[in-house]
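Produce the complete structure using the sequences and hints provided.
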Amino acid sequence: MVTEALALVGVGVVQALHTPAITAGMPWQCLCGCGHAGILDDPAASVVALTAAVSTGQVSYGSREALAAELGSRIDSVTAQRRAQLIDALDGEGVEAGVAILKLRERVLSGRCDQLDEDVLVGIGAALVTAVRRDALVEWTAENTEPGLMRSVWLQMVQQLPGQARAYAATLCGLAALLEGDGATANLALDLAEQVHPGLTLTELAARIAACGIDPITLREMLRDTAR
Numbered sequence: 001m002v003t004e005a006l007a008l009v010g011v012g013v014v015q016a017l018h019t020p021a022i023t024a025g026m027p028w029q030c031l032c033g034c035g036h037a038g039i040l041d042d043p044a045a046s047v048v049a050l051t052a053a054v055s056t057g058q059v060s061y062g063s064r065e066a067l068a069a070e071l072g073s074r075i076d077s078v079t080a081q082r083r084a085q086l087i088d089a090l091d092g093e094g095v096e097a098g099v100a101i102l103k104l105r106e107r108v109l110s111g112r113c114d115q116l117d118e119d120v121l122v123g124i125g126a127a128l129v130t131a132v133r134r135d136a137l138v139e140w141t142a143e144n145t146e147p148g149l150m151r152s153v154w155l156q157m158v159q160q161l162p163g164q165a166r167a168y169a170a171t172l173c174g175l176a177a178l179l180e181g182d183g184a185t186a187n188l189a190l191d192l193a194e195q196v197h198p199g200l201t202l203t204e205l206a207a208r209i210a211a212c213g214i215d216p217i218t219l220r221e222m223l224r225d226t227a228r
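Count the sequence shown with the numbering used here and you get residues 1 to 228, in order.
With beta-carbon atoms standing in for the labels, derived distance ranges: (1) Asn144 to Ala211: 20 to 28 Å; (2) Pro216 to Gly35: 32 to 40 Å; (3) Arg82 to Ile39: 49 to 57 Å.
Bear in mind the hints are in silico, worked out from the structure with no lab data behind them.
Glycine residues also receive a C-beta, built at the ideal position from the N, C-alpha and C atoms.
Take a look at the structure:
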């Protein structure tokens, strides 16, 4: 009955499983009548947990430390200094930053977000520290509803950008996580943003949103309305 009801609203069910909880040692069984069943082993690697990860876009981390490490910088001090200088020299409202945003959108849509050249990274960095461009990026984050996508985009920017641009990227990563109900990632990302560049208004606003527990649907509407 549930499968048929979901089909009526355009949601296809590939496989339906049941378990009382996604915890090691709990029983699971397939609901299609095939008789398949078993005991959950490592929740992070179980069939049920992996199915949940695919459907929500959320990645399971073994600990807070593992999640924090994922938010760590992937560039050395020389690269960070060079990119910071290039970002400072670039007009965030100029053509180069606009082209960088278009290229990032194209890479995201084509599934090639891991193939970003220096010009795109620097251009996005300049856009993030420029209010009008940053507002557009917040709106883009709210408009995109594909599970895990925007969080992944901003996570990559957190890893690749320096200074204030990195703090804004972490803030957008936090907002993207909140839009998916992922409070753990959101809180760590927002903590990082505050550490990297304290006192950013957007970071403080996002932290208040996280503390209030606003549901993802309402938050998405708020961000869309604010950006407009």
